[in-house]
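*Asks:* One-letter residues, chain by chain:
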Amino acid sequence: MEEKLEYTPGPVIRKTGQLYDNPEKEVEKIKLTIDCREVTADKGMSVLEAARLAGIEIPSLCYLRHINETGSCRVCLVEVEVKGTKTLQASCVYPATAGLVVHTTSPRVRRVRKTMVELLLSDHHRECTTCIRNLNCELQNVADSLGIRNLKYTGEMKALQVQNDNPYIVRDYNKCIKCRRCEAICSKVQEINVYSALYRNYDTIIAPAFGQDLSRVACIACGQCVLACPTGSITEKECIESVWEALEDPDKYVVVQTAPSIQVTLGEEFGFPAGSVVTGKLAAALRRLGFDRVFATDFTADLAVMEEAHELLERLEGRGKLPLLTSCCPGWVKFAEHFYPEYLDNLSTCKSPHEMFGALTKTYIARKEGIDPEKIVVVAIMPCTAKKFEAARPEMGTGEFKDVDWVLTTRELARMIRQADISFPDLQEEEYDSPMGTASGAGAIFGSTGGVLEAAVRTACHLTTGKEADLPDYEELRGFSGLKEAEVLLKDRKLKVAIAHGTGNARVLLERLRAGETFHFVEIMACPGGCVGGGGQPIYGSRERKEVSLDYRHNRADALGRIDAAKTLRRSHENPDVLRLYKEFLGQPLGEVSRNLLHTCYTPRGKLPGFQFGGIKGSHAGHALDNMPDT
Amino acid sequence: MIIKSIEDLKEVKEKYEPLIKQRLGHRNGLGLTQILVCSGTACHSSESREVRLELEQELARRGLEEQTRVVKTGCFGFCEYGPIVMVHPGEIFYCQVRPGDVRELVEKHLIGGQVLERLLYHNDSTGKRTQTIEDIHFFQAQRRIVLRNCGVINPEEIGEYIARDGYFALADVVLHKNREEVIEMIKKSGLRGRGGAGFPTGRKWELTAAQDIRPKYVVCNADEGDPGAFMDRSILEGDPHSVLEAMTVAGYCIGANQGFIYVRAEYPIAVERLELAIEQAREAGLLGKGLFGTDFDFDLSLRFGAGAFVCGEETALLHSVMGQRGEPRPRPPYPAQEGLWGKPTLINNVETFANITVVLREGWEWYQGQGTSTSKGSKVFSLAGKIYNTGLIEVPMGTTLRTIIFDIGGGIPGNRQFKAVQTGGPSGGCIPAKYLDLPIDYESLKETGSMMGSGGMIVMDEGDCMVDIARFYLEFSQDESCGRCTPCRVGTKRLLEILIRITEGQGEMEDLEMLEELSYDIRDASLCGLGQTAPNPVLSTLRYFRNEYVTHVRDKRCPAGVCKALLHYTVDEEKCIACGLCAKACAAQAITGAPKQPYRIDPEKCTRCAACVAKCPRQAIQKGIRKDVADLGGEAGIYAGAGDTENRATL
Ligand SMILES: Cc1cc2nc3c(=O)[nH]c(=O)nc-3n(C[C@H](O)[C@H](O)[C@H](O)COP(=O)(O)O)c2cc1C
Ligand code: SF4
Ligand code: SF4
Ligand code: SF4
Ligand code: FES
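For the protein sequence lines, the chains are A and B, in the order given.
All letters in the first sequence, in the order written, are residues 3 to 633 by my numbering.
All letters in the second sequence, in the order written, are residues 4 to 654 by my numbering.
Just so you know, the hints here were simulated from the structure itself, not pulled from any lab data.
Incorrect hints may appear among the rest.
[Stated by the list, open to error] Distance condition first, Cα-Cα at most 27 Å in a straight line; then the derived DSS-like pairs of lysine-lysine:
no., chain 1, residue 1, chain 2, residue 2
1, B, 449, A, 85
2, A, 85, B, 190
3, A, 85, B, 191
4, A, 323, A, 377
5, B, 599, B, 559
6, A, 45, B, 449
[Said to hold, decoys possible] Over the 12 Å line for every Cβ pair with chain A, so calculated as not near, a few chain B residues:
no., residue
7, 10
8, 17
9, 19
10, 151
11, 179
12, 330
13, 333
14, 449
15, 489
16, 492
17, 500
18, 513
19, 582
None of these values were measured; they are calculated from a predicted model.
Just so it is clear, CB atoms sit at the ideal spot from N, CA and C, and this is done for glycine as well.
Based on the sequences and whatever the hints tell you, model everything.
*Replies:* What follows is the structure, given as structure tokens:
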């Protein structure tokens, strides 16, 4: 029988909040005049888009293309001439129409824009030098571009307690400019609806229900709001200091692992264009920082593929529920725990690769290298804030040890590199350490949507047929539409597989499951684009690169694809180190040691997991909260 | 009965007409006495319900139920003198009738056949009492066009509305006219929206009708959030069917089959009447499926607002109707393009709809003959403030402020000077005396820096501080800001802070410029009408009463004696009898004294509560403005009238 892996692309579903333009669409062109120049734009574009297309920069704050187009901040005001009268209009929501005359820098425009930013600053804890977003803050940028030197209007400022009762995201309401980008991305793209405007007037805050900490609402910790926030109001919870402490402690043996996507995103923090591959420099930087061992999570990604592929086959044989849902994305896992607990049995029991890595480091590596596991500190460089949550889960430990001690986001690593005065671009490329540094291409593409499923299918195919199948390109599986499905031939069985990224799309898929559709294997990643779009990845808020859309995720994913394509080793089950690991330590996939170390279980969490009275404390916490009892 | 034709309507009309005619002054020998009791919100809160129940009981006790009928009506507008009771025939107009007056009223008027003098309207300036409504000045200069049914019909009886030619226009439209024709009529009538902006209503209908998307919706904006305004409430309470009829016509014209009335939940009587009216209209086949036997369906339901001012803004209202946070959004797209659930939606104000029935009944030619060149028809205002006759009035567009304030309103009580009139609610401005003879319409009000708004009108006299007024309105606007856009959320806060500074004597001259600049920026940059108009009270008072600002800032003085921080209380030594009552009354313990010596008030401790003023048997405590302090020169500097140095030493 001819063994061939096939796929047929399924229908592409577009949803609101979709991040990417549909390039096939033919659009009508129109001409309008901006700053005395005739420019061409697509019909239906906003004046702001039309201007940017023509290379005319208009400052903006609340605008996030396709996600938040609400005209709230009023920073993008331009003068629009209609029938001889000039009015100020928010260019981000004002439609560009044929023949429109627009002035983007008239004295009136500049004056009012300046006032808007001054007003925002008058209600902003301006502590740039100690702010996590210093030099990468859209507000700071706009203020600088407008040349604001002193604030004409000052007055009462809010003084709200900083909320950080959770291991992943810190919320400082005093730096919020109410652009509502967090609310938009959370409700329109992720469809979790954590944030909404509470109270009104000057007291307005953009917050979870009743001003609760994120840990007490059904937040999945994906960190998309962190990416969307133009200021330092929503940020990751940093643990750089703890990592420094470990590094400085001579008794500790500090092992670092980097997630597959870090090598294609870290460069952005040091001026490389999006999509640059900096694997070698990354390894070098980590050594400079003083890590004792520099490993790649790609390795355990390969391992996870082995486990998961076996799990798939096991379930196809009738042991366990179908479809098998991937479990490598902790944001998605948390999402399922909150919103779809009935599918928890469908989740693969595999821990996510970095947790597997931690577990192995403190057992396999410790034994192999003769180090007391007590002295080992595992640091994971992750694209993700949900990984911080995951690392703190009580399930994620082996014996008395936490699998992973500290999770640093890509951004935090960049900060450490800067703190150590390492000139990243000048670093010589270095190799990862062995044994947990080698990875197949399959491990690399874990970092973008579709990668996990593709990797597992590659391996499952080998397992069932015993032969190495050709390596067709799985473009269709990987691409960027939010939800895709395909049929894959596995031996003589046709499998229906699906891929969703962004939990908004996940919801659609799960609702289809609920409605009774059959799938066999489903990959879900919480962040749009997968880990390359993770909540821990570089944020573009500087003058040179301001975030008005999240399109750059494409480039990052392409880079992972290139890494995969360039590898000779493209299937997880070919990874010699993985095979050795099974031989030396684990025995076999899904064997007893594996089950103990590499697998986990899940907890239903409910939709309002921990309401507490008196959400936010501090002055101006809204009228309603004033009377609430403290707990 | 299900009404299918004009004949059916006529039949109903015939049945109820005699009753109505008598109320309009026809002596048609009904052999029936009708007692109209106002049951609008204002009269209701001054116990008109109790009066009505008492009347019914008293009539029963006297065996008069047969030949007398007690009728609920909507608001007469003369709320200051409520509860209003009117007796027909005779059109005898009784004011401020208490439940305790009922027995006497029945005895004297109904049995004795004599007018009960003491309950008639008493004109304070002429000292005369007037018997009928026509003789009361308040009503003489008015033209009740939109309010024609208020105070005449029983709003809870659809038959009475029909007897006033109600639903005839709808029948005519649905049976005999096409939608273009009707829209053309509305356009030609020149009717403009009464909700504030004055957008031509016909154009709005045309725009909505032109949309190709179905379904479409009709929405009536009955949010009426301006503090002190109650025009819309009165229409809904007194003549709900006029709104229902007009909305149905609108549905026919734009191609909608469903309408919503967005009414504030704080209007329980209006809500009740609307619910009843909708029910009665449905029973009569005037709402629902297949109106007048055609294939045109139209139904209505109510949606309740929680009382946020911004929810009156049309896009915020739409969000609220759809169950979202009541926040405005940028326009375009306008509701006519994308409204409820993304579908074309026509939004008009209550009074606008009430005008539609007028246009259809009287004809566009008649209608466009009323009012001024740019603003047609009449306008309902709610009069309040320092004025004799507060209440609800209706005047033709183009009436002067003087007519409204001094004729209808009866002028300013207490021989005080007129200072300004505030129109347009929190979005409007203060118009000074020099514009008293200005014929008012949308344009002229705008030119003065104010606006028509929905029709609130508050009269101010010399005892009002214009800086304080500006602060008051700004406090309202800031409080009601939805918090979405920067200029309104933060800008009005900063503006308010500057005003507070000035009223507290902390202002500086630069503040005045800042006020102005920031006001313009907020006006230009805000997302919705709330923010765009919020600075109006500041700008207009700065424009007309700049001196007052300057006095507050430079002299630390509030000429009107309103701004507390700039006031001080002093004891007039001559008058003081050293009884010590003031010191006992003072909660702040700011007053000290000794026997036989004049008492004194320590301005540092004084909280300006004026408790002492009320307690002093000799009226020896005076309210002073800081000027006196300044006049004392360097020598005293602490407070005026405090006696000599020796006295002070004894304190
Ligand atoms: C802050 C704000 C409050 C408003 N409140 C009301 C209101 O209470 N009632 C009303 O009819 N229109 C109100 N409007 C005007 C509406 O937005 C809208 O223009 C009106 O309902 C249109 O009806 P019209 O064309 O019949 O005037 C308000 C506008 C703003 C900006
Ligand atoms: S958020 Fe931006 S403007 Fe605010 S303190 Fe931080 S860096 Fe400065
Ligand atoms: S937290 Fe950030 S993204 Fe959210 S509204 Fe505030 S400034 Fe905007
Ligand atoms: S102007 Fe005020 S009420 Fe209107 S959108 Fe802005 S903040 Fe909200
Ligand atoms: S209003 Fe356009 S960017 Fe905020």
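*Asks:* Would you pick out the hints that fail for this structure and give their numbers low to high?
*Replies:* 4, 5, 6, 12, 13, 15, 16, 17 and 18
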